[in-house]
Amino acid sequence: MKLNKEIKRYLMSESDDVTSVITCDIEGRIETFNQNAEELFGYSANEIVGKKRVSLFSPGMVVLGHVAKWLKEARNNREGYSTKTTFIRKDGTKFAAEFTCTATMKDGRHIGYCGRTKELKDVSPMDTMPKTTLLTRFISIVAITRLPFLSATWIPIIASVVWGIQRGLIEMDWLTFGLVFMGGSFLHLAANTYNDYFDWTSGTDQINNDYFLQLSGGSRAIELGLITEKQLFRLATSFLALAGLSGIVIMLDNKVELLYYGLVGAFSGYFYTGYPLRLVARKGIGELLIGLNYGPLMTMGAIYAMSGIHSWEAFLFGIPFGILTTAILWINQFPDSKSDEIAGKHHLVVVLGLEKSSWG
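Just so we're aligned, residue 1082 is where the sequence shown starts under the working numbering, counting upward by one.
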């Protein structure tokens, strides 16, 4: 890909021994990484070019709260956007910097960005760290937990309770409903966070360079520095414990067989990507479990928790929800299929291939 004249001038300059110059495409994939960038950030060009994104160099809260605004300003201003900020080296140390970002163009078309960085050696990185707002902190929580995906749990639970009332199977008990709703939500959050933890520790996320695509899965919370490996595992286990506690309270009301539903949910949430079973790699077993857990077992379990009755009608009622959630998972597997195959994550899209899977 050809770069515009301004970027070529910066990259070819022999006199500038201070400025780091990094260029990337619109998605943030690094395309060029000059010698000054190698010295300043501690990475070699071979480690970075085509393999990493520019978000690697900024604290996660800065990426979430400020980078989008910087890029917008760079696109709207011919001279680019300049600011003082804090960056992170390969060894984890932070440094203060003066940063300028400009939009790169080719034949009048926006193709990426050019970032120029000068270290401010006499300035503390704490003094240039952009402020983190409450909104950014909330967004980080949403990112870590993948909160929007809880709709896959909430809709079946609410729908099954409404259906159960209409069928005369249950009488509305708001306390029990609240426990069912919270228990299901905590179990889903545990599955989300265990999934991210094992995707990171297995190397799947490191291989995947398409994570800014709209349908690409995973939160990338560890990579962005929003949470550590240990913290994410502890968070997932805490969610699982809270789900278990909610279930125990319901079971005290002579509904001990709720344990079966809970064990299936916990088993599926952990071993979907967790070792040694890693069910997502078992050529269709992962998709089957998703369809069952977020459909028939969710609705049947909710009805049992509310009434103490095992209803196979409720199981059948949940099948469409399971199919819908599996379809969402199926679509999300497309952009990740290449990296998933390399990492040994052999779900059905990998097994069937993109062309055949597109008919699914």
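Incorrect hints may have been included.
With a cut-off of at most 25 Å between alpha-carbon atoms, the simulated PhoX-like pairs for lysine-lysine come out as follows [to be verified]:
id, residue 1, residue 2
1, K1132, K1202
2, K1187, K1202
3, K1187, K1171
4, K1212, K1132
5, K1171, K1199
6, K1133, K1199
7, K1336, K1133
Computed beta-carbon distance windows for the label pairs [what the hints assert, rightly or not]:
id, residue 1, residue 2, range
8, E1252, P1401, 36 to 42 Å
9, N1158, D1208, 45 to 51 Å
10, R1248, P1357, 40 to 46 Å
11, V1204, G1123, 48 to 54 Å
12, R1170, H1391, 57 to 63 Å
13, T1318, G1365, 23 to 29 Å
14, E1179, G1131, 22 to 28 Å
15, M1186, L1231, 21 to 27 Å
16, G1365, D1106, 31 to 37 Å
These are computed hints drawn from the structure, not numbers from a lab. Ideal placement from N, C-alpha and C gives every residue a C-beta, glycine not left out.
Verification of the supplied hints:
Under the criterion of a C-alpha separation no larger than 25 Å, the hint pairing K1132 with K1202 is inconsistent with the structure, at around 29 Å. Restraint check for K1187 and K1202: not satisfied, since their Cα atoms lie roughly 35 Å apart, outside the 25 Å limit. A C-alpha spacing of about 31 Å is found between K1187 and K1171, which places the hinted pair above 25 Å, so the restraint is violated. Between K1212 and K1132, the direct Cα distance comes to roughly 29 Å. Violation of the 25 Å bound is thereby established for this hinted pair.
Restraint check: the Cα-Cα separation between K1171 and K1199 comes to about 17 Å, which is no more than 25 Å; the hinted pair holds. Between K1133 and K1199, the direct Cα distance comes to roughly 21 Å. Compliance with the 25 Å bound is thereby established for this hinted pair. Taking the CA atoms of K1336 and K1133, the gap is near 51 Å; set against the 25 Å cutoff, the hint is violated. The hinted range of 36 to 42 Å is not satisfied by E1252 and P1401, whose Cβ atoms lie roughly 25 Å apart.
As the Cβ distance of N1158 to D1208 is approximately 25 Å, the hint placing it in 45 to 51 Å is violated. At about 42 Å, the CB distance of R1248 to P1357 agrees with the hint of 40 to 46 Å. The hinted range of 48 to 54 Å is not satisfied by V1204 and G1123, whose Cβ atoms lie roughly 19 Å apart. Remark: the range hint 57 to 63 Å for R1170 to H1391 is upheld by a beta-carbon distance near 58 Å.
Taking 23 to 29 Å as the suggested C-beta distance range, the pair T1318 and G1365 conforms, at roughly 28 Å. Hint check: E1179 to G1131, Cβ distance near 27 Å, so the stated range 22 to 28 Å holds. Hint check: M1186 to L1231, Cβ distance near 41 Å, so the stated range 21 to 27 Å is violated. For the pair G1365 and D1106, the supplied restraint of 31 to 37 Å holds, since their beta-carbon distance comes to about 35 Å.
Violated hints for the displayed structure, listed by number in ascending order: 1, 2, 3, 4, 7, 8, 9, 11, 15.
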